[in-house]
Amino acid sequence: MNNTSNIYKNKKPAIFFLLPAFLFLILYLYYPFIQNIFNSFMKIKGLATPAKGFNDPVYKNYTRLFTDPNMRIALKNTLIMIIVTIVGQVGIAIIIALLVDNIKRGAKFFRIVYFFPIVISATALGLLFNLIFLYDKGMINQLLEFLGMTNLTDWKDEAHAIMTMMIPVTWQYVGFYFIILLTGLNNISDELYESASIDGATRFQRVRFISIPLLHNVICTCCVLAVTGALKVFDLPWMMFPNGMPYGKTWLTGTYMYYYAFVASDADYSSTIAIVIVVLGIILSKVVNVIFKEKDY
Amino acid sequence: MKKRKFSPGMCVVYLILIFWALTTIYPILWVILNSFKDKKKIIANSFALPIGDLFSMDNYKTAFDRLNIFTAYKNSIIVSCCVALVVILLAGMASYALVRYNLKTKKLLNTLVVAAMMFPVFATIIPVFRMEFSWGIVNTDKVSLSLISLILPQIAGNLAFAMVVLTGYIRSLPIELEESAYLEGCNPMQIFFKIVVPLTKPSFATVGIFSFLWSYNDLFSQTFFLRFKDQWAITRLLMEISSREGTDYGLMAAVVTLIIVPLLVVYVCLQKYIIKGMTAGAVKG
Chain A
1 MNNTSNIYKN KKPAIFFLLP AFLFLILYLY YPFIQNIFNS FMKIKGLATP
51 AKGFNDPVYK NYTRLFTDPN MRIALKNTLI MIIVTIVGQV GIAIIIALLV
101 DNIKRGAKFF RIVYFFPIVI SATALGLLFN LIFLYDKGMI NQLLEFLGMT
151 NLTDWKDEAH AIMTMMIPVT WQYVGFYFII LLTGLNNISD ELYESASIDG
201 ATRFQRVRFI SIPLLHNVIC TCCVLAVTGA LKVFDLPWMM FPNGMPYGKT
251 WLTGTYMYYY AFVASDADYS STIAIVIVVL GIILSKVVNV IFKEKDY
Chain B
298 MKKRKFSPGM CVVYLILIFW ALTTIYPILW VILNSFKDKK KIIANSFALP
348 IGDLFSMDNY KTAFDRLNIF TAYKNSIIVS CCVALVVILL AGMASYALVR
398 YNLKTKKLLN TLVVAAMMFP VFATIIPVFR MEFSWGIVNT DKVSLSLISL
448 ILPQIAGNLA FAMVVLTGYI RSLPIELEES AYLEGCNPMQ IFFKIVVPLT
498 KPSFATVGIF SFLWSYNDLF SQTFFLRFKD QWAITRLLME ISSREGTDYG
548 LMAAVVTLII VPLLVVYVCL QKYIIKGMTA GAVKG
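In order, the protein sequence lines correspond to chains A and B. Residue numbers for the first sequence follow this note's numbering, so the first one is 1 and each next one is one higher. Residue numbers for the second sequence follow this note's numbering, so the first one is 298 and each next one is one higher.
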């Protein structure tokens with residue numbers, strides 16, 4: 001469409017439209033992002049205290065990353081979290097999306113209900129799950145007692161903490177990927193299914209050879225979102241396991257970064273951890289893309 | 298396709314779906330029911346319905362007496378509404394210009410927007426805090442300044458997503474209406490507010506609701522920018538309650554109920570826009 005021009009030939013008003021939004025992006029995202037890289041080389045203690053020159057040596061925080069045992073725990077937990085979210089969230093979402101796509105009644109109900117946990121703030125969910133996993137008569141332990149179990153499990157002890165943290169996080173976002181996948185399924189034309197069933201394809205075959213291959217790109221998007229999402233998890237773990245409780249076993253990169261910014265007053269190290277989060281995000285989403293590219297149907 | 302109403306396969310399908318629905322409904326229901334019980338009786342039996350002897354409003358009484366729930370609600374709503382409105386306005390204007398004007402820098406600007414979506418808040422929050430501190434708007438005891446210090450970064454954080462959704466929508470609008478308005482003598486400013494804005498309403502609703510929810514639920518930024526008690530928004534208050542009153546299960550249940558029930562009601566009313574926006578934003582981004 002070249003004749004769009006008349007109105008929009010004079011490009012001066014465009015600046016007026018664009019300027020405010022891009023000022024915001026630059027001042028509040030791009031500038032701080034670059035500043036954050038500088039900060040990771042500086043000496044900054046409290047959040048609001050001025051920098052006291054460069055670190056000595058400049059890359060001190062980066063070598064510290066490698067010797068910090070808690071950082072290793074945080075990275076390990078975050079990687080577990082990423083795998084659990086991809087397998088758990090996207091996996092469960094694929095299954096229920098395929099099932100909902102195949103039913104006639106109640107699809108709308110399930111769509112609304114599966115989205116509940118995403119609307120509620122993760123902070124409130126953290127409190128909710130604190131009550132559910134309570135050792136002393138939480139929902140789960142009462143249920144187990146009801147079923148005849150006598151020695152109850154402390155879901156927040158060292159052995160169970162990681163699992164207790166991952167379950168709510170995984171559960172919360174299943175509905176998100178479910179909705180994305182369901183929209184992808186709705187975009188597949190009915191004619192394909194009809195001609196397949198005329199050719200004698202069973203329901204399972206239609207899912208296996210039509211739905212899943214055509215969903216390939218959407219599943220890839222979901223996995224990238226799951227990876228970046230897992231790196232951003234903060235509210236729920238912090239509400240359930242503040243300060244890496246118990247014994248620093250539950251650190252995630254996000255909560256660990258927060259701890260250094262706020263509790264330990266070590267803003268420069270905190271900035272360094274933030275950079276690790278960014279770098280991990282970029283590398284891992286590339287990895288997901290590569291894995292999905294190779295797998296052509 | 299044949300209609301087989303009660304095939305065993307279908308039963309299994311429904312059983313699985315209903316099971317997952319129970320996991321999303323029951324915990325919420327459980328906490329709502331328990332909020333109406335005396336805190337000592339929750340421990341005795343948390344699965345019973347709160348009727349007869351079990352029923353009690355004490356938890357709510359404590360919640361309203363001891364906590365500034367209304368102040369927190371007010372702060373939350375001011376912050377989140379401001380964020381939603383400014384995001385709609387600024388993202389709408391910028392998206393309109395990005396779609397309609399044939400700028401040389403268009404590609405660069407679009408890349409800037411998409412890249413901005415990738416920045417995790419962790420990587421920007423400390424410099425933003427320090428910047429705002431040097432302006433004197435955080436760490437002050439002025440409520441309004443503190444709220445502004447939270448609103449500004451939240452606007453920036455939601456703009457990129459909003460612009461991705463809105464450019465997609467505005468691109469699909471027919472340009473003829475704008476042309477005829479131009480012939481009638483409207484300038485681009487008027488065209489935007491009189492033609493484009495009304496047509497883009499459904500998408501604005503999606504973007505607005507999302508920005509609102511994200512801002513309302515964002516604990517991380519709230520802990521950075523709202524330092525004092527009278528500035529706390531709902532999510533920040535929740536965090537405080539869990540560390541201070543973590544053993545009063547009845548009170549916790551009541552507070553959780555007070556926070557999530559309004560959200561769920563709003564969600565069920567507006568779910569059409571929410572689900573549509575989710576897909577538009579996520580699949581394109």
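Since the hints were made in silico from the structure, they are not lab data. Note that beta-carbon positions come from the ideal geometry of N, C-alpha and C, so glycine has one too. Where hints are given, some of them may not hold.
[Unchecked claim] Under 7 Å between C-beta atoms, here's a sample of chain A residues computed to sit facing chain B: (1) I7; (2) L23; (3) Y28; (4) M42; (5) K43; (6) A51; (7) K52; (8) L99; (9) I120; (10) L128; (11) A196; (12) M239; (13) S265; (14) A267; (15) I277; (16) V279.
Do the hints match the structure? See the list:
no., hint, in the structure
1, I7, "holds, 4 Å"
2, L23, "violated, 9 Å"
3, Y28, "holds, 3 Å"
4, M42, "violated, 11 Å"
5, K43, "violated, 14 Å"
6, A51, "violated, 9 Å"
7, K52, "violated, 14 Å"
8, L99, "holds, 5 Å"
9, I120, "holds, 5 Å"
10, L128, "holds, 5 Å"
11, A196, "violated, 11 Å"
12, M239, "holds, 6 Å"
13, S265, "violated, 12 Å"
14, A267, "holds, 5 Å"
15, I277, "holds, 5 Å"
16, V279, "violated, 10 Å"
Hint check: violations occur at hints 2, 4, 5, 6, 7, 11, 13, 16; the rest are consistent with the structure.
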